[in-house]
Amino acid sequence: MIAQAVLNEWYPVAMAAMVGPWPGRATMLLGSDINVFLQDGAIMVRGPAGDLAVKVAYGHVWACPGTPAHDLFAVPEAAQPGRRLVDCGVVRVKCSPLRAVENFLDIAHFPFVHTDVLGAEPHTEVGRYEVQIREDSDEVWATKVHFYQPQAAKSAAGGIVTEYMYRVAASTAAVLYKTCPNNPDAWDVIGIFVQPLTEELCEVWPWMALFDDSTPQADLIQFQQMIFLQDRSILENQIPRLLPLDPGREIPTQADLTSIAYRRWLKRKGLTYGAQMVAA
Amino acid sequence: MKLYDYVLSASCYKVRLMAALMGVKLPTEAVDFHPGRAHRSAAFRAINPAGTLPVLVDGDLVLTESTAMLVYLAHGPWLGAGPKQTAQIQQWLAFSARLGASLGMARLHDMLLYPGDINALRRAGVEALRELESHLTEARFAGRIFLTGDTPTIADIACFPNVALAPDGGVSLDDYPSIRLWSRALRALPGFIEMPGIHRLHELKPAPEAVPPLESLP
Amino acid sequence: MSLWIANGLSQDLPPGVVMAGAWQGADLAIWRSGTGRLAAWGDRCPHRGMRLSHGFVRGETLSCIYHGWTYGADGGCQKIPAHPAMVPPAAIKAETYQCVEEGGLIWVAPADTAVDLPDLTGLTPVRSVTLRADRAALTRALPEAVVDGDLWRLAALGVVLALQDRAEGLGLHALCRDPALEVQLSRWLDGLLRLAEQGEAA
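If you read the sequences in order, they're chains A, B and C. Heads up, this note's numbering is the position in the first sequence plus 41, with the first residue counted as 1. Heads up, this note's numbering is the position in the second sequence plus 181, with the first residue counted as 1. Heads up, this note's numbering is the position in the third sequence plus 4, with the first residue counted as 1.
Careful: at least some of the hints might be erroneous.
[Claimed, not checked] Pair ranges (Cβ atoms, derived): (1) C/38 to A/112: 39 to 47 Å; (2) B/295 to C/138: 26 to 34 Å; (3) B/208 to A/319: 48 to 56 Å; (4) A/311 to B/206: 53 to 61 Å; (5) A/225 to B/308: 50 to 58 Å; (6) A/72 to B/353: 19 to 27 Å; (7) B/353 to A/290: 17 to 25 Å; (8) A/174 to C/138: 49 to 57 Å; (9) A/92 to B/299: 27 to 35 Å; (10) A/169 to B/365: 33 to 41 Å; (11) C/93 to B/183: 50 to 58 Å; (12) C/93 to B/385: 27 to 35 Å.
[Stated by the list, open to error] Computed from the model, here is a short list of chain C residues facing chain B with C-beta under 8 Å: (13) 16; (14) 24; (15) 134; (16) 138; (17) 190.
Derived from the structure by calculation, the hints contain no laboratory data. The model shown is predicted, which means the values in this text are computed figures rather than measured ones. Built from N, CA and C at the ideal position, the CB exists for glycine as well.
With the hints as extra help, turn the sequences into a complete structure.
Take a look at the structure:
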C-alpha cells in the first residue's frame, strides 16, 4: 500500500514537447502503468484507475495520482526574460528516486566523481554551510554552500569558488542555484526532476534555466548529461537500494547537512516511497 | 578536422580517445542525439545520409564508421606491424561491432529507453565478453596484456568503450579478471581520457599532501 | 566443512587493485595494497553505502570512489577528504573478513575463523571463470568429479576446481598439475561452461 501522502504529490512523467497522441508515452509511476498522451490539444495522464491530475511546467508534464496536497513548486526564474530554458532529456537509473535526489544535493563527491569538471583533488574541503526548512513553503534549503571548481559551467573560463544554494522542492525534485559566470547578480538554475517508476527504478529529467546567449543548445544539454551520467554508476551501486531513513549503518558528517535534513523531512512528511525505515 | 560528436556515445568516445592518445587536437561539434534526435534530421543527413554518429570530416574526407576514424587518426604501432598483426587487428575491429550491437544496445536500452530485447542483448553481451576474456587470458599466459602484440593497437581502442560501459546495460564485469587488467592497462596509458560511466583511476595519482583551505582560494 | 571460500587467483589481483568478491552471498571488496597485503571487506562504505569494490587503492589504503573516504589495513577510516583536519571516529570502519593466499588462490572467511585450507601441493592456478548454472548442472557435466565440499577433483585430467557462489553464478577457480597445459585447460573451461549451461557437446 502506498501512503496517501506519497500519492498526493506531483511527479514528472514526460517532457512536454515530446508528448504525442494515444498511446503516447507508456511508462510507470509509483509502480502503476500510465500513458502520457495528447488529446484535443491537451496533455492527459491516464492510469489503471482513471485520469490523473496534470500540470505542465518547466518543460515537463507533472502528474498527481491522488488529490494534490498543494500546488506544484514555483521556480520564478523560469519566467525571467533572457533565460535559456533547457530540457536535458530523460535518463533511467536503477536506483531509488530518493537516492537520485540525495546525490544531487551532495557536493563532497565532486572531486572524485566529476573529476576536473566540478572539483579536483586537493581541493576537497567542504566548508560550513547553512541548512534550514523554510516554514512558508515547507522546503529544505541549503545556503552559503561553496566549493572550488576547475570548470563550473560550460560558460566558465577557469577555476573559481562557486557558490551554491540547494532546494528540495518536492520529495523527488530538487533545484540548485549556482553563481552565474555571465551575470554576477543572478543565479543559474539547474533542476533535477525524478520520476519514481518503482521504489528501485527511476527516470531522471534534468532541466535548466540559464543566462547564456552564446553556448549552443547541444553543448549545454550534453554538459548536464555528462555530469548526471557520471553519477549513474554511483547511484546503481549504493547498498541498500532503498534510502535508509533511520540512523544506523550510514554515517553522515558535517558535509552531509543537506542530506540529513532531506532524510528527516521525508520521514516527517511520510514521503517514504523508495526509503526503508529500519536500518538493514 | 572536425568530429560530429555525442558525449554519451561509446562510438564517438572511441574516436575522442584515439585522438587524445595520439596527442591530436580534435575539435568536436556536439549533435543533440538525445533528447533532440538531431542526428536523424534532414540537416544532419546532408552530412551523413545514414543519420549516425560519429562523423569525422577532414577537408573533403567524410568518414562515418568509427573504426575507419581510428585507422585515420592512428599511425605507427597502433596500426600493427606486418600482415599477421594487421589481420588480427581487423578481426578484433569486426568483433568490436558485436560489442556495440550487444553491450552497447543494452546500455542504450537501460539508460536512454531504447527499445530492444534486453535479455537477448545481455546474453549476447556475456557471450562476447567471455570470448574476449578467453583471448586476453591466453595473451596473459604469453606475458601480454593487449589484444594483439605487446603494445596497444586500434583493436584495443575499438573494443574498450563498450566493454568498460557494460555495467550501464546491466552486464557486470566482476567475472572477467583478464578484462579487468586489460581495462586498467588502457586507462593508465599516457593521454587517456574518460567518458561518463568510465571514471578516472584516482590511484594513478598519489593522495594530496595537503588540502588548501577553502578560504584561501579565489 | 571449511568456512574458507576461494575468491580468485593471486595473479589476477596485483598490487594496487581492488575487485569484487563473495562469501556465502555476502558481497565483498577484495584488494591488494602497494606492498602486496591482501584484505577482504564487506562491499559497503559506511558513509552512504557505496560499493568499496569500485574504489581505488593508494599505498596501504583503499578509498571509496564516492567521497574518497580512505580506509587503512584494519578497516578503520583514516581520512575524510571533505573534512581534511578531522580525525575520523573509530566507529567509521569497514566490515572486515580474513583473507589469505594459499596455493596461488585467494581465500576468504569471516573474521576469527581458524585457518583451514585444502592441500593444493603440486597444483598450479590457471584461471577463474563463472558458470551461469548451479552445482547440479556442473555435476551432470562432470560426473567423474570427486567432490570434497567446495573442492572438485578431476584426477584423470589433473584438474582441481575450487567453487565459490557468486552474484552471477558459480565461480570456478581452476588449478592443474601440469603448468604447461594452461592454454588447454583454459579452453577446456570454455567448453565446460557451454556444456554445463546448455548441455551442448564440449
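Consistency of the hints with the structure:
1. C/38 to A/112: 39 to 47 Å: violated, 57 Å
2. B/295 to C/138: 26 to 34 Å: holds, 32 Å
3. B/208 to A/319: 48 to 56 Å: holds, 54 Å
4. A/311 to B/206: 53 to 61 Å: holds, 55 Å
5. A/225 to B/308: 50 to 58 Å: holds, 56 Å
6. A/72 to B/353: 19 to 27 Å: holds, 26 Å
7. B/353 to A/290: 17 to 25 Å: holds, 24 Å
8. A/174 to C/138: 49 to 57 Å: holds, 52 Å
9. A/92 to B/299: 27 to 35 Å: Given a distance of about 30 Å, which is inside 27 to 35 Å, the answer is holds.
10. A/169 to B/365: 33 to 41 Å: Holds, at about 38 Å.
11. C/93 to B/183: 50 to 58 Å: Since residue 93 of chain C and residue 183 of chain B have Cβ atoms about 54 Å apart, the given range 50 to 58 Å holds.
12. C/93 to B/385: 27 to 35 Å: holds, 30 Å
13. 16: For residue 16 of chain C, the interface hint holds, since the closest Cβ of chain B sits about 4 Å away, which is under 8 Å.
14. 24: holds, 4 Å
15. 134: holds, 4 Å
16. 138: violated, 16 Å
17. 190: holds, 6 Å
This entry does not satisfy hints 1, 16, going by the numbered hints stated previously.
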